[in-house]
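So the protein lines, in turn, are chains Z and W. All residue numbers for the first sequence refer to my numbering, where the first residue is 13 and numbers rise by one. All residue numbers for the second sequence refer to my numbering, where the first residue is 267 and numbers rise by one.
No false leads were slipped in.
Label-pair ranges, simulated between beta-carbon atoms:
hint : chain 1 : residue 1 : chain 2 : residue 2 : range
1    : Z       : V505      : W       : V300      : 25 to 33 Å
2    : W       : V382      : Z       : M81       : 41 to 49 Å
3    : Z       : M77       : W       : E373      : 29 to 37 Å
4    : Z       : Q459      : W       : I325      : 31 to 39 Å
5    : Z       : K200      : W       : G413      : 53 to 61 Å
These aren't lab readings, by the way, just hints derived from the structure by calculation. Quantities reported herein were computed from a predicted structural model and do not represent experimental measurements. Glycine included, every Cβ here is placed at the ideal spot set by N, Cα and C.
What follows is the residue order along each chain.
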Amino acid sequence: MTAIPSFFTQSSPPGLTGIKAWLLTHDHKRLGLMYLYAVLFWFVVAMVIGLLIRTELMSQGRTIMGPGMYNSLFTLHGVIMIFLFVIPAIPAIFGNFFLPIQLGTDDVFFPRLNLFSWYLFMFGGIFALVALFTGDGFPDTGWTFYVPFSVQSSSNVGLTVSAAFILGMSSMLTGLNFVTTFHRMRDKRMGLMQIPLFTWSLYATAWVQILATPVISITFVLVVMERLLSIGLFDPARGGDPILYQHLFWMYSHPAVYIMILPGMGVVSEIIPVFSRKSIFGYKAIVWSSMGIAIAGSLVWAHHMYTSGMSDVSVFVFSLLTFLVAIPSAVKVFSWVATMYKGSIEMTPPLLLSLIFIYLFSVGGLTGLVLGAVGTDIHVHDTHFVVAHFHFVMFGGTGFAFLAALHYWWPKMFGIMYPFRPAYIGAVLTAVGFLFHYVPMLILGLQGMPRRYYDYLPQYETGNFLAGFGGYLLCIGLVVMFVNLLASLRHRVAAPADPWGATTLEWRVPSPPPVHNFVDKPEIMDFPYDFRQVGDNSASQRS
Amino acid sequence: MTPVQGVDLAFWYILGISVVLLFGITAVMVYFVVRFRRSRHPVASDIRDNYKLEILWTIIPTLIALSMFYVGWHSYLGLRAVPDDAMNVAVEAQMFSWLFIYENDKESENELVVPVGRAVKLNVSSVDVLHSLFIAAFRIKVDAIKGIPTYAWFYADKVGEYDIQCTEYCGVNHSAMVAKLRIVPQEEFEAWLAEDGN
Chain Z
13 MTAIPSFFTQ SSPPGLTGIK AWLLTHDHKR LGLMYLYAVL FWFVVAMVIG
63 LLIRTELMSQ GRTIMGPGMY NSLFTLHGVI MIFLFVIPAI PAIFGNFFLP
113 IQLGTDDVFF PRLNLFSWYL FMFGGIFALV ALFTGDGFPD TGWTFYVPFS
163 VQSSSNVGLT VSAAFILGMS SMLTGLNFVT TFHRMRDKRM GLMQIPLFTW
213 SLYATAWVQI LATPVISITF VLVVMERLLS IGLFDPARGG DPILYQHLFW
263 MYSHPAVYIM ILPGMGVVSE IIPVFSRKSI FGYKAIVWSS MGIAIAGSLV
313 WAHHMYTSGM SDVSVFVFSL LTFLVAIPSA VKVFSWVATM YKGSIEMTPP
363 LLLSLIFIYL FSVGGLTGLV LGAVGTDIHV HDTHFVVAHF HFVMFGGTGF
413 AFLAALHYWW PKMFGIMYPF RPAYIGAVLT AVGFLFHYVP MLILGLQGMP
463 RRYYDYLPQY ETGNFLAGFG GYLLCIGLVV MFVNLLASLR HRVAAPADPW
513 GATTLEWRVP SPPPVHNFVD KPEIMDFPYD FRQVGDNSAS QRS
Chain W
267 MTPVQGVDLA FWYILGISVV LLFGITAVMV YFVVRFRRSR HPVASDIRDN
317 YKLEILWTII PTLIALSMFY VGWHSYLGLR AVPDDAMNVA VEAQMFSWLF
367 IYENDKESEN ELVVPVGRAV KLNVSSVDVL HSLFIAAFRI KVDAIKGIPT
417 YAWFYADKVG EYDIQCTEYC GVNHSAMVAK LRIVPQEEFE AWLAEDGN
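Bound conformation, chain Z alone:
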């Protein structure tokens, strides 16, 4: 097997060398890595911004910046984290890299379009950067761009929503590629119920990306037109409706929450069985709950708007639907835990990160019930409770799933192992810092501290100080994990093809994979999580 060159040394299309082999590549694996570098860059930028925000809030009054700067920074933090980190992180990096391999094929259905999506992604990011340093500075509207404020604001709203528009295109094209690859490129012998759950979750996500993203694109176009031409679409004095904007915005942005979390759920559904050496419990229920979440999650958007002035009938309907979308998520959590029952569990960094995911995601889901219920939501809406809740889901959930995926697939992507001990230390520090960071925010919210506040009433100071302290701990943990992985690139310890004893197809090919993924036609298992054949050799293979 060693004779086959990896995708790092052989280019697709053939004959390209040096930087061209990357910038003009059609290879889904190279594109996955190119997304990895770009996404990590943005993650670090937004993380630093987040830390600056929390530092400002550690004491009452001015700490390190003024209100204008603060308002721009939380907007920037939101825009970057959402459009440039959480949405693309798992699908664009790990989805691109592993979806074709898990389906037993050599690339996505539209490789050139895949390259184009990457350029759109970079382009969108550059647009956002340009918006930072031109005109009257970065928007101070919050990532939600609510009208009429976003129409009146003198800041660079137009350029920033254009950036989000372009990033939306990139996301849509990636989704299109995944759906077509799923249907047209899948190994002929692989039936629907033989597809790995990570790929299933990406498939569900891809549909939401394709169907929901146009709504936000249109909405952003309307904002730009409103700014340029003052049509009055959202102005009641001229027959418009400001609440219409909120409906349009959340019609995408709530399903987008599922674009963010579904792939993370897919990652955890891969990792738990592998390290339990036991089939995932309730495979079909997990597949159906993914599709269920994608469909039902598209019908709950106005639960962001209970206080917006919409009718009580709408409030009733959207609250009821919101509670129903909680069920498939609960089913997944139960299935993951049940998978470990009578398993043979080996602790590794990806498993530890997945367990932390289950805990933090559960907190996120359960605090979501408080927000789904109408009477309680009225009190905590737009407070720090909401901020903590969605960070539990987006960071405790998707963020930790991203870290788990990185530690799980690192040996496959780069062909090297990393030391476990620093990864454990980093993971625990991050989790402990996370709780110190966000639990005080839950309490602050219940006490009534609004979000997007530059300054606050004196009773909220202790909580904000504690949260800031936790934020630093959290970032130290992340740095430990990233440094550990980066150091493994220098002190290379070669990884075997299957270091974990896993069953899905990406572990049947060399690490790192050759340019066409499969050396021989892969054997398709009747059930992708049949661990009966997995011997006890994986742990010894590794050491």
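Assemble the complex: chain Z is given as a structure, and chain W must be docked to it using the hints.
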């Protein structure tokens, strides 16, 4: 039961069940990881599903979720049902202050004064961008929108001072858009109302 008690009951109900569920999930997860670690349990069983269990853990959470929905909705009704004898105060939000206008046209900036023992209906609107009126002590919050009237009400049951905050981001001084609610005895309120506005 006052609306505040109704909302608090909903909080206790939802948070109480959530804590039990979270504790249960976490405890079982940790127990499995320890009990079935590879050194102690080297060969895994091949269990793939159990339809009875799966149906059970779909139906029971559905029932719990529906009960939470009901409790939440019921407490919301309390926040919406304004008593007939409520005193009306118009609230105008603007960047970055609150204007309270009484029925005798008295205007008060950033200070809402009401008599104890009265239900108070706040008729909310905005003169510019979106704002949101939030009185944490009474669990009420409603957006202030230019051109679309909204309302909230509370029962002023105890003399005291309470915070009013803006909870819809409205610009550079959003966090400074705070006001005070003072609940005072009837006579003091009448005297205050008769004073000339600024």
